[in-house]
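> For reference, the chains in residue letters:
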Amino acid sequence: MNWVNDVIQGILLGGYYGIIACGLALMFGVMRIINLAHGDIAVLGAFLMYLLLQHWSVSPFIALLPVLPTMILFGYVLQRLVLQRSLRAGILTPLLATFGLSIVIQNALEQSFGPDVQSLGGQAGSLVTAAWRINSQISISALGGLTFGAAVAVYAALQLYLSRTPSGRQMRASAEDPDTAELVGINSRAVYARATAIAIGIATLGGLALALRSTFSSYSGPDQLIFAFEAVVIGGLGSSLWGALLGGIVLGVAQTIGSQINPEWSVLSGHIVFLLVLISPRGGLLTLRSGRRAPASLPQAGT
Amino acid sequence: MSEEKPVPDGLSRGQFIKRGGAAVGGALLGGGLGTGVSWARPIDPTARDAAVGTIKIGYVSPLTGADAGFGEPDPYVISLANKAFAHGLKIAGKTYKVQIISKDAQSTPSVAAQVAQTLISGDQVDLLLSTSTPEVVLPVIGAAEAAGVPSISTTVPWESWWLGSGNSFTSPKPYQWVFHFCFGVANFFDTYTDLWKQVPTNKTVAMMAPNDADGNAIRANLFPLLEKAGYTIVDPGAYEDGTTDFTSQITLFKQKNCQIFNTFPIPPDFTTFWRQAAQQGFTSMVKIAQIAKTGLFLSQVEAVGVKLGTNLATGVYWGPTWPGGSSLTGISNKELGAGYEKHTGRYWNQQTGASMALFDVAAAALKASGNPNDKSAVASALKSLKVRTTVGELHWGTGGKSNPFPNIVVTPIPGGQWVATKKGSKFPLEFVFCEHEDYPQVPIQAKLKPYS
Numbered sequence: 001m002n003w004v005n006d007v008i009q010g011i012l013l014g015g016y017y018g019i020i021a022c023g024l025a026l027m028f029g030v031m032r033i034i035n036l037a038h039g040d041i042a043v044l045g046a047f048l049m050y051l052l053l054q055h056w057s058v059s060p061f062i063a064l065l066p067v068l069p070t071m072i073l074f075g076y077v078l079q080r081l082v083l084q085r086s087l088r089a090g091i092l093t094p095l096l097a098t099f100g101l102s103i104v105i106q107n108a109l110e111q112s113f114g115p116d117v118q119s120l121g122g123q124a125g126s127l128v129t130a131a132w133r134i135n136s137q138i139s140i141s142a143l144g145g146l147t148f149g150a151a152v153a154v155y156a157a158l159q160l161y162l163s164r165t166p167s168g169r170q171m172r173a174s175a176e177d178p179d180t181a182e183l184v185g186i187n188s189r190a191v192y193a194r195a196t197a198i199a200i201g202i203a204t205l206g207g208l209a210l211a212l213r214s215t216f217s218s219y220s221g222p223d224q225l226i227f228a229f230e231a232v233v234i235g236g237l238g239s240s241l242w243g244a245l246l247g248g249i250v251l252g253v254a255q256t257i258g259s260q261i262n263p264e265w266s267v268l269s270g271h272i273v274f275l276l277v278l279i280s281p282r283g284g285l286l287t288l289r290s291g292r293r294a295p296a297s298l299p300q301a302g303t
Numbered sequence: 001m002s003e004e005k006p007v008p009d010g011l012s013r014g015q016f017i018k019r020g021g022a023a024v025g026g027a028l029l030g031g032g033l034g035t036g037v038s039w040a041r042p043i044d045p046t047a048r049d050a051a052v053g054t055i056k057i058g059y060v061s062p063l064t065g066a067d068a069g070f071g072e073p074d075p076y077v078i079s080l081a082n083k084a085f086a087h088g089l090k091i092a093g094k095t096y097k098v099q100i101i102s103k104d105a106q107s108t109p110s111v112a113a114q115v116a117q118t119l120i121s122g123d124q125v126d127l128l129l130s131t132s133t134p135e136v137v138l139p140v141i142g143a144a145e146a147a148g149v150p151s152i153s154t155t156v157p158w159e160s161w162w163l164g165s166g167n168s169f170t171s172p173k174p175y176q177w178v179f180h181f182c183f184g185v186a187n188f189f190d191t192y193t194d195l196w197k198q199v200p201t202n203k204t205v206a207m208m209a210p211n212d213a214d215g216n217a218i219r220a221n222l223f224p225l226l227e228k229a230g231y232t233i234v235d236p237g238a239y240e241d242g243t244t245d246f247t248s249q250i251t252l253f254k255q256k257n258c259q260i261f262n263t264f265p266i267p268p269d270f271t272t273f274w275r276q277a278a279q280q281g282f283t284s285m286v287k288i289a290q291i292a293k294t295g296l297f298l299s300q301v302e303a304v305g306v307k308l309g310t311n312l313a314t315g316v317y318w319g320p321t322w323p324g325g326s327s328l329t330g331i332s333n334k335e336l337g338a339g340y341e342k343h344t345g346r347y348w349n350q351q352t353g354a355s356m357a358l359f360d361v362a363a364a365a366l367k368a369s370g371n372p373n374d375k376s377a378v379a380s381a382l383k384s385l386k387v388r389t390t391v392g393e394l395h396w397g398t399g400g401k402s403n404p405f406p407n408i409v410v411t412p413i414p415g416g417q418w419v420a421t422k423k424g425s426k427f428p429l430e431f432v433f434c435e436h437e438d439y440p441q442v443p444i445q446a447k448l449k450p451y452s
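So the protein sequences, as listed, match chains P and W. Position 192 of the first sequence, counting from 1, maps to 192 under our numbering, and the rest follow consecutively. Position 76 of the second sequence, counting from 1, maps to 76 under our numbering, and the rest follow consecutively.
For the record, the hints were derived by calculation from the structure and aren't laboratory data. Keep in mind that a hint or two might mislead.
To be verified - Pairwise CB distance ranges, derived in the manner of DEER restraints:
(1) W:450 <-> P:91: 35 to 43 Å
(2) W:201 <-> P:57: 55 to 63 Å
(3) W:338 <-> P:103: 47 to 55 Å
Claimed, not checked - Chain W regions said to be covered by chain P (calculated; three or more residues, Cβ under 8 Å):
(4) 68-76
(5) 87-93
Said to hold, decoys possible - Covered by chain P, according to a simulated footprint, are these stretches of chain W (three or more residues, beta-carbon under 8 Å):
(6) 235-249
(7) 256-262
(8) 408-416
Keep in mind the model is a prediction, meaning the values are calculated, not measured. For each residue, glycine too, the CB sits at the ideal point set by N, CA and C.
Same shape as in the complex, but just chain P:
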């Protein structure tokens, strides 16, 4: 029965990893940018909600309403003014740009909010401690269930956007081959800016999930990035949309089962699965099924 509970908790944990991985996968899939500031951007979103909650005593979900558009706008501006420029200089420059951005965000947050750890769990009332007790061993936490549901909703919405809307089709076209897409009249810069805006909006949701389930401080971004990155790699490096969610679930289940065998193996077993996927010839769970080319053979974006 313990194993059943471990798998359930692992899947719920995977929902959280799926949310923080989604934006990372989208940016990598569309632009081949590995956004090293992704975790810090999620934490930035959490701090903005914290700032609002300092002045209004409302639920963190209400605080999300003004913060989400702000962050989406931030993503759009970030792409237009920083990342787009760095894309011109090749594949390494965006990596360095996001690395620098990560340091800038961490230190700006430390200067503004000080070193204290914060959490929004206190303002969310009984949500953070509520759970459905199925029996004495198995319980599904309200927060875990909500996070997982939100993850599935985010991925489904993104799927619909990419497959059903003209804007989504443009995004897929630019991801496949930016030069040809430009030839048929797609403005890849606008597409990229939209992709970053969406990615950072989803990162903000991840920041809220982090703030509710645990604590955050100005320096907690990189820890989130590691798990998000592992989920993306396990799921096939942005070549399939649902891959990142699946990767998150595999990572979550690997961690809870590893922890059941020996608590020392919790984080380690996640890393081991990540390394196994990395060295396997398939290079990701969904790479073959998606029918897309392996990332290494994709042309460089932004030229």
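Starting from the structure of chain P, add chain W where the hints point.
Then chain W, alone, in the frame of chain P:
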């Protein structure tokens, strides 16, 4: 990178000015902001001119990074010390000018080592102080011992300090230059056994010790002591810092019906664990929730949530209700706590007392040396120094129970818990002392309340 400015800068400006202003005010004005308090001493205007030499004191602490909560009171403490040193330090008939050079270790061992080197060879300090976490202190004392600079440190459990600096219990090597005062594992044992008998339980203890320096020291040293004292230890094994799911541990604790919970985690891990424990019904079984390494400051307990944080028990290495005060500044502990709260608008912070004590020891050692610019004179003064500080009287070289090794003085860590305050109070929770086994002069304020 001007493009990024709008968001981070825009969100921060108001807060930045507020906090920056407070910090600058703290550093420059110091005691001037609280003129009503007795620590405003008259300054002798002629003192500076009469100074015949200069003493440089290096001070290394984590002002930024993961452990920055420990460095938070430093601007206030340094402003008090600067005020006390403002009219110089009179040693053997001569008056010396004292300069405190504070450096940020950024909670990172490599940075701590680097700033220690800068202080030793660049600034040529006469005395090197360091505090808070092995990551900051161990590289500093390593550099000090190697370079022959007298050094005083605190807020690292003394076992971690001794073993972490590469020494051993069985064949100890003497240190010439580095001196330390802090609590140790035996203090935890005294505090916990004294606290835990105040609430009836089944004496089954759920233990969460991570796989890091502190967790391993606790597993090796505290667990056997508690088992000898009749407690059953349920140890699921060492987990890694940063673990995000604790289902397997919670399941085990529930199965074994653990009514006491004890942990030594990094603060974010505790919040994650405790929320999951609440979701899975473990917190309602726990009669005593004893935490260490987190819950040191009110902000950390508030991060857990006021509801889940109420009645968490912990040991505290300084409090404003402690007797005595700082011998350097003449400030009582009560005034130090109140001054900090007034100065920062925050709840008193136990590191304030420990950091202040470093300067008490520093001033006493410099005075006792006869010649503060002679490093070996300062080090030999420290070997038998007896000094009144905010954390009690410290006496090196007695060889008694409080000196497990000649360079170490063990300080107390009385226990208590975070309790809810009355409605309308400035802070949602406050800390009350519930036991004083290893420092009977600390008044007991309440009996331990069950967690749930």
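> Confirm or reject each hint.
Checked hints:
1. W:450 <-> P:91: 35 to 43 Å: violated (59 Å)
2. W:201 <-> P:57: 55 to 63 Å: violated (36 Å)
3. W:338 <-> P:103: 47 to 55 Å: Violated: the Cβ-Cβ distance is about 38 Å, outside 47 to 55 Å.
4. 68-76: The restraint on the region 68-76 of chain W holds, since 4 of its residues have a Cβ under 8 Å from chain P and three suffice.
5. 87-93: Coverage by chain P is violated here, the residue count being 0 at a Cβ distance below 8 Å.
6. 235-249: holds (count 13)
7. 256-262: This one is violated; 0 residues, fewer than the three required, reach chain P with a Cβ under 8 Å.
8. 408-416: violated (count 0)
Checked against the numbered hints above, the structure breaks hints 1, 2, 3, 5, 7, 8 and satisfies the rest.
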